[in-house]
Amino acid sequence: MAEVIKAKEPFRFHTRLHLTELTGLRAINLTQLVELIKEVPGACIYHHTHRFLQQHQYLSPEPPNDFAYWVTEILGEDELGERLSSIDTIKYSTIRSLRDRIIEAVEDYLKDNPLAKLKFAREGDEFHFIKSVSFILPTDYIAGDLREFADILKKVTIDSIYFHIFESRLRLEKSDNDFSNWIRTSMGNTYLAERISKLDPYTHTLEGLRGNLVDMVEKELLR
Amino acid sequence: MTKLEEYIPIVGQSVIDDLRLLAKRLEGKVVQHINSTAVGGGVAEILTRAVPLLNEMGLNTKWDVIKGGEQFFEVTKKFHNALHGRSEAITQRDFDIFAEASEANSRIMDTYGDIVFVHDPQPVSLINKKSGNKWLWRCHIDVSNPNQKVWKFLMDFIIKYDSAVFSAPSFSQRLPIRQFLISPSIDPLSDKNKELPQELIDSVLRKYEIKKDKPVITQISRFDRLKDPVGVIQAYLQVKKYIDCQLILAGGSASDDPEGLQVLEEVREKAKQDKDIHILLLPQNDTEVNALQRASDVIIQKSLKEGFGLTVSEALWKAKPVVASNVGGIPLQIKHKYSGLLCHSIDGAAFAIKQLLNSPAYAKRLGENGRENIRNNFLLTRHLKEYMLLFLSLYHTEDVIQL
Numbered sequence: 013m014a015e016v017i018k019a020k021e022p023f024r025f026h027t028r029l030h031l032t033e034l035t036g037l038r039a040i041n042l043t044q045l046v047e048l049i050k051e052v053p054g055a056c057i058y059h060h061t062h063r064f065l066q067q068h069q070y071l072s073p074e075p076p077n078d079f080a081y082w083v084t085e086i087l088g089e090d091e092l093g094e095r096l097s098s099i100d101t102i103k104y105s106t107i108r109s110l111r112d113r114i115i116e117a118v119e120d121y122l123k124d125n126p127l128a129k130l131k132f133a134r135e136g137d138e139f140h141f142i143k144s145v146s147f148i149l150p151t152d153y154i155a156g157d158l159r160e161f162a163d164i165l166k167k168v169t170i171d172s173i174y175f176h177i178f179e180s181r182l183r184l185e186k187s188d189n190d191f192s193n194w195i196r197t198s199m200g201n202t203y204l205a206e207r208i209s210k211l212d213p214y215t216h217t218l219e220g221l222r223g224n225l226v227d228m229v230e231k232e233l234l235r
Numbered sequence: 003m004t005k006l007e008e009y010i011p012i013v014g015q016s017v018i019d020d021l022r023l024l025a026k027r028l029e030g031k032v033v034q035h036i037n038s039t040a041v042g043g044g045v046a047e048i049l050t051r052a053v054p055l056l057n058e059m060g061l062n063t064k065w066d067v068i069k070g071g072e073q074f075f076e077v078t079k080k081f082h083n084a085l086h087g088r089s090e091a092i093t094q095r096d097f098d099i100f101a102e103a104s105e106a107n108s109r110i111m112d113t114y115g116d117i118v119f120v121h122d123p124q125p126v127s128l129i130n131k132k133s134g135n136k137w138l139w140r141c142h143i144d145v146s147n148p149n150q151k152v153w154k155f156l157m158d159f160i161i162k163y164d165s166a167v168f169s170a171p172s173f174s175q176r177l178p179i180r181q182f183l184i185s186p187s188i189d190p191l192s193d194k195n196k197e198l199p200q201e202l203i204d205s206v207l208r209k210y211e212i213k214k215d216k217p218v219i220t221q222i223s224r225f226d227r228l229k230d231p232v233g234v235i236q237a238y239l240q241v242k243k244y245i246d247c248q249l250i251l252a253g254g255s256a257s258d259d260p261e262g263l264q265v266l267e268e269v270r271e272k273a274k275q276d277k278d279i280h281i282l283l284l285p286q287n288d289t290e291v292n293a294l295q296r297a298s299d300v301i302i303q304k305s306l307k308e309g310f311g312l313t314v315s316e317a318l319w320k321a322k323p324v325v326a327s328n329v330g331g332i333p334l335q336i337k338h339k340y341s342g343l344l345c346h347s348i349d350g351a352a353f354a355i356k357q358l359l360n361s362p363a364y365a366k367r368l369g370e371n372g373r374e375n376i377r378n379n380f381l382l383t384r385h386l387k388e389y390m391l392l393f394l395s396l397y398h399t400e401d402v403i404q405l
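Read top to bottom, the protein sequences are chains A and B.
Going by our numbering, the first residue of the first sequence is number 13, and it counts up by one from there.
Going by our numbering, the first residue of the second sequence is number 3, and it counts up by one from there.
Accuracy of the hints is not assured; some may be wrong.
To be verified - Simulated pairs of lysine to aspartate or glutamate, DMTMM-like, Cα-Cα distance not exceeding 25 angstroms:
| id | chain 1 | residue 1 | chain 2 | residue 2 |
| --- | --- | --- | --- | --- |
| 1 | B | Lys64 | B | Asp164 |
| 2 | A | Lys166 | B | Asp164 |
| 3 | B | Lys26 | A | Glu91 |
| 4 | B | Lys307 | A | Asp152 |
As the list claims (entries may be wrong) - Far from chain B, by Cβ distances over 12 angstroms, these chain A residues were calculated:
| id | residue |
| --- | --- |
| 5 | Pro22 |
| 6 | Leu29 |
| 7 | Arg111 |
| 8 | Glu119 |
| 9 | Glu135 |
| 10 | Asp188 |
| 11 | Leu204 |
| 12 | Arg207 |
| 13 | Asp227 |
| 14 | Leu233 |
Just so you know, the hints here were simulated from the structure itself, not pulled from any lab data.
Just so we're clear, the structure is a prediction, and the values are computed from it rather than from any experiment.
Backbone N, C-alpha and C define an ideal beta-carbon position, used for all residues, glycine too.
Could you put the whole structure together from the sequences, leaning on the hints where they help?
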């Protein structure tokens, strides 16, 4: 086994807890939906594209976003639902660009299928716009090398992994996830940093993601 | 009294660590809950469980109750029904009675909390005592379609609060203050939800003369038209044409509710035609409810209207496949075909029950997914976490807060 290399700067794990804020805004058809998607705060777009991931993390490796779910289940527009759920979220580094992509998908669909504008949700099935308010807290877990990093990854909350992989990159507009950033800059290990960057976290369950990360780091320790 | 560490085997150490981390951030604050009753009803039930746990974490949490005479509570009951969208004749006299009792409470109630957390409309006017501290109003009622006269009357008070809290997105209104979504929760360690030995479940079935020789379909609710017990019987009869099964309709005593007694009689009349329908008028006995839910193969909640529908959470927590109406807070708990089946009609309910009884592996998967959904989102520990985040939100206005 190779000698364990110490990091220039240790990695402090943070956790992220969220509170759901209501806006009172609701849509009953696709036209209203797309207009409101243009107006609502970025925290709403974030909520509706990531909520499923956390609330139903155990269910499926490809969580549908709320827009796709509503369009499919309530309006019965399966094709648009598929277009929305297959948006490659990992490609977008800002909420703004993700929002633009969602708007484009709905508007293109409405151009090709003008009759879809005539579909309305029944009372009680409206789309309610909701915001995600995030509280980021430092935990007591600090890794000074890859061994410690792997051990902590096994026991931190899923919220902590979620924060460093998803939220930090997209919501705080960093170019990469926190783990790859630290491994690259403080550990000087570009190979492992790139491997983690290439992982599409949206196609794993959160526990599956944890397992993959631990596996990658442990394999690296054996190299 | 239940201790926080007893929840670790259910939710994991890390969830409890997070709660303690949050409580530390609120050190030194006094949180004062105010509601209208110390016993009975969902609010008192949750505060009874939550207040000791919050104190155990080091968050100084108090609970005070307002006073009110018979007339005042008659008026607030009318308000309650009107906010739920029922047609009620509200007079100026009612508003006057509310104002007089509120004035009296205002004189005697010391609102000493750094954070004053007011539950439901009865104590809402205490906000007029606000002086430099933070105030929250928690609405436990379905106000998706409220009587406008009552809502406007309450609105004069509500807009003076720092934030409001609702149980479902459909209850939110356009308000000039911040509003948050916090769902109610169930306590996995309470008598209604804790694990039970098989012998105890069997003894409850024996007591009510229910044989486990055919699949059991159950709805637990008050005998109330909004819970559609007659619709449940109709759905069951449709299923029965194809699958030999039995139905339990069990609910609390309706002796103080004349309409409830009438509904019970109608249900008994409908049930006469089938010896496999068991109508159980249960006393307040949480353990028996728990046992009946655990003895069931499919659980129904075919409500026409529902505040949140915690009976659905209770059933899912027991990993039972559930068929429930797509109303109130139920779609928050069930994602159709992932963690249960949603329905909109008697025919839909019957079809869903048949699917579940004929496909036990599918039913099992839905039940297990449902249990995980409840574990992640609808247990008391999540409720405590969100209450503490709510308190912290009073001191921060950003969408991303670094603590």
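Violated constraints from the hint list, given by number and in increasing order: Of the numbered hints, 2, 3, 4, 6 and 9 do not hold.
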